[in-house]
Amino acid sequence: MPLVDPVTMSSSAIVKGAVAQPTSTTKSTPGSQATESSTTTTGSSSPLATLRPVQIKQTPAAQTVRHALPAALTALYLFRFDALVTNPVPVMFNALPVVAAFQMTYALLCLPAAGEPASKSNRKPRPGEKKKGGDIGSSTIITALLASVLTSIATPFLYLAMVLFGAPFLTHGSHTFLCAAHLALLALFPLFYVHGVDSAAWAAVGGFRAPLDETFGGLVGGLVGAWLGAVPIPLDWDREWQRWPVTILCGAYGGYLLGRVLGGTLFWGKKF
Amino acid sequence: MSFRRNGSLSSTLLLIVANVLIPVAIVIFATGFFPYKPLLPGLAEYEPLDGYGEPPEAPFDKLVFMVVDALRSDFVYTTNSGFKSTQSLIRHGAAIPFTAHATSPTVTMPRLKAITTGSVPSFLDVVLNIDEGDESSSLASQDTWLAQMKAKGTGKLVMYGDDTWLKLFPGTLDRADGTTSFFVADFTEVDHNVTRNIPGELRNDDWNTMILHYLGLDHIGHKGGPRSPHMVPKQREMDGIVSQIYKAIETQDHLKSTLFVLCGDHGMNDAGNHGASSPGETSPALLFISPKLKGLQTNQDSPLPDAEDFQFYSTVEQSDLAPTLAALLGFPIPKNNLGVLIPEFLSIWPKKADQAYLLHQNARQIQTVISAASGTKTFDGALTAESCASPSSDYEELACAWQGPSKIVMSARVGDDMNSQWALPVVTWLRKAQELMSGMASNYDMSRLILGQVTALLAVIFSLSTATKTVSPTRSLTPLLVISIAYSIMMFASSYVEEEQHFWYLATSTWFGYLTLRGFKRANTTFPAHLLLTAFPVLVSLRLLRAWNQTGQKHAGTPDIVKLFIEPHPHFLWLLVGLTYFWTHRQLVHSFHGRIPVPINYPVMTGLVLAAFTFKAAFTLEDAPELVVEFVKSSLLDFTRGASLIARARAVFVGLGLVAMAAMGFILWEMTGTGGNRKRSRPKRVPAEAITTLQHLYTILALTQSRTANIPLFLIFNLLYWFLSNEIDVLDGTGLSTVELAISSLLLQYASFFAMGGSNAISSVDLSNAYNGVSGFNVVLVGVLTYVGNWAGPVWWAFGTVVLLGKIWRRDQRQKRLGSGNDGKRGSDEKEEKAEAKQRLEEGPVSLFKTYVAVTTLFTAFSVAAVMAACTILRTHLFVWTVFSPKYLYCVAWSLGQHLVVNVGLSGLLYWLGSL
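Residue numbers (the working numbering), protein chains in the order written: chain A, 1 to 272; chain B, 273 to 1188.
Please note that the accuracy of each hint is not assured.
Which bits of chain A does chain B cover? Going by a derived footprint, with three or more residues having C-beta under 8 angstroms, they are [unchecked claim]: (1) 162-170; (2) 203-210; (3) 223-235.
Label pairs and their computed distance ranges (CB to CB) [unchecked claim]: (4) B:LYS835 - A:VAL98: 38 to 48 angstroms; (5) B:SER678 - A:ARG243: 51 to 61 angstroms; (6) A:ARG243 - B:PRO505: 30 to 40 angstroms; (7) A:ALA83 - B:SER907: 54 to 64 angstroms; (8) A:VAL197 - B:VAL292: 52 to 62 angstroms; (9) B:THR912 - A:VAL85: 18 to 28 angstroms.
Hints were generated in silico from the structure; no laboratory data involved. Cβ coordinates follow ideal geometry from the N, Cα and C atoms, glycine included.
Okay, chain A solo, but in the shape it has when bound (with noise of 0.2 angstroms):
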């Protein structure tokens, strides 16, 4: 998997940008329940409850990057589209790194990392107060990580997943397991980023009981999306688009796209 070291490489960039701007903590997120965290210990009565929903730093380069990384995958998709319908498995392959650049990005720029305490002392930053050490300092790197380790642990129960649920077994298998990567690195690494290995936070997303925000959106539309995709492959249109899994990953990208623009936005603190 090439995973790691395309994403070191860039993420690193990234951190000399970040910390070259002065950046502020991140905004607190209106309401009572504010003391409560997002992490809490798995085992009390009822944790579900108090999960919250993910805020997106309100520094400029975390809105920036909100806003020009889903114009920047569109973007990537679209450009590289062509190829994808006549060379699935290379165009996949090098699309991985680039994918996981970009979701590195997004996380270390826009997301509070699990166990990260400015994402959960909401306390309201005083006028002038600056955070030692910026927001990407080498934890929120080691989290990133750590994400990206998980959601490559992640992948092969994706692809098994996505066997279970029709793809090709015997044949395909690279191309399945291509796009099962693309899926979790799109849907599941902002989770892992965000929520860590808290069981507690996990329950509930999987329970689909997480409050909507860009992470979880943006798993619940790729799934969909993913799940969509299938539908017009029996079609007798004869179209090349209409081989596996062209498709998939047309509604996997199209899904977590929209999922994490609407859960960011429209839906933003609601559940299912």
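With chain A held as given, fit chain B onto it using these hints.
What follows is chain B alone, placed relative to chain A:
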């Protein structure tokens, strides 16, 4: 209270009305969609045509008509064909080759009808082809070239081969020996039965028509596809017969004026199947062979290179055979013919007047058919120039177009000097008439289509209102509505109809994914344990189900579990089959445990299951001998050697009947005998277990009627059943509800149908088990056996659902007794649910069954309405007869057979027995 009673009563009434409307809608729509085609009765005579002399003299007086079933054009004409001597006949001009276009449905009976009458059989003939005993499909009262040859009185009619001919022509054939296409594994015996009669008949001179119909090549196709290693040897065998007959014609004096026709009734696709309209299926070969034909000097090239579209030499319609035979053998063209005299043969008659006579006869005869169809006398010459300037109908346009060709035949009649292409406009006109009359698009009865549609929509409305009344909370109907609406939309796309299985597989996986996901919330399981022990096995089962049999059109014949793992490893297959029977045996014994003493229980059940198993083994030995392993052959079959298949099957059926009667006896006995005192202490428990006996007995019937390779699927069904049953046993209020069970059942009924190899194509109807234990022909028996053979899985799930419904009822009773089990846990609709539970207790267990029927009725009404709408809107679509009409027939089977008879009728009976 009375108010609620009224509400429940009205919803029951609505449900009944909806279920009455469904069959009514189906019947009304069918009468408009499959219109009765008027047939001209009686035997044709030569039409009196002015200005001609006697009918021209025919060059032939005897006919040898050899049909090789599924003889695709390339089997004869290409380089890698086994028909070497036939190809040399083509080169020498003694054989004139064609590709005969066979219209869909490409199955034997409609094709033989087209070949013999020259007409295009109606779509309903496909159904009658399956229901072979139907007398109305007989051609005894229709005009065919067989009837004409018989009327000539110059000899007898003899037939050897496929007994479809005997069914089509009862009483017409003087000497016949029919062979039944029963086991497709039989490649040699079916053909040997034909061939052994040939030498004797070639010496006889008392016949004027000899029909030979070989089935072996079709069997090879069904079994191994067009590239089977048996294919070329079989072609050589057929080639040998062709040259044997040709030599006899050449040498023997009484055969010298014999026309020898070799043809296929249809072709086959790449998987070796037929029924639809792919180029391979619609392109059989057709050859006219006689030494006399050398005079035409056609001398075509042979062999030819492969052609993608299977079109070799010139292409004619299969129905063209009838008028061509009429001309060559000298009899009037059969009355309902829509064929066109093949123009290549015209030059046999040296005089132009004769040629004109033959064409004119052909045209006049088709004009009679058109007049009968249009109900007007369009060809009486009353048409004016004005009405031809803007013809009001297709018929009138055709009549106007006849004026040109009519002048040409008139001048040809008197022997005017004309160029060699003079006949072309006449033939073009005939082809145009043929095309118009073969298309049946104009024959729909629109008012009936709309009336049927409206009735179906009423059924949808009623079932919707009853479902919303019966089911609470109403939002639990959402998945059902999503399924119904998505399915309805899908019916309008031909490829989704062809590939319907994907819909059910994806929906089932998603639904069960949701059900298992829900289980994660429960406190009593850990995430990995639930994942490994519940979610994973369930989803893997569904994945295996999906991959078991490749079905649909697009990827028919591609590898699936049966082809990749089962067929190459028969030991593995028999291990799974043995396991399935063993498991059923165990369950059966268990369900009788405590009712009859063990010394009786064990031997009886073991005997029954062994009888069923040995029948299956013996049947497989005939049907697919390559699948039977030595162990099964030696240990089990030798044990019961000598018993015929029919006797074995009857033993199974009689045994099943007796045990079923015993089980019903127990149910009734336990009800009356213990009703007074013990019923209170063990309410509903014992009888509910007694109906599981009936469920397991049905499993044995289902196994008996299923293909051997499909039997392991019942193990998978059992696993899914176990999952559903466990989901019901959850007592914390999150267990499976009635609606959820009904949706699961609906999904599994459809998914299991497709998993067992079903599809929406007529050719996928599995008839291999339709005659188990039946010696003669019995429409009802064969119909029931065919239904169980194809819907074994869906019926299994319907009966399983009944048992599970009883389980839900008992769980709810227990939950009620436990009382406050789920108090305070539920959200907003708890009140509603409580009210529902209360109502349920008032109505008794019937309310559960009502909910189940409401769910299946809702979906059935939706599907019926959608299929009707699709058939109406797309009635001029290219695929209407190949995709949408078969879908309509399947929809009829699903809604009348599966929904009304099985899900409402039989399941209702079973549920009633269980709740006694």
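Indices of hints not satisfied (ascending):
9
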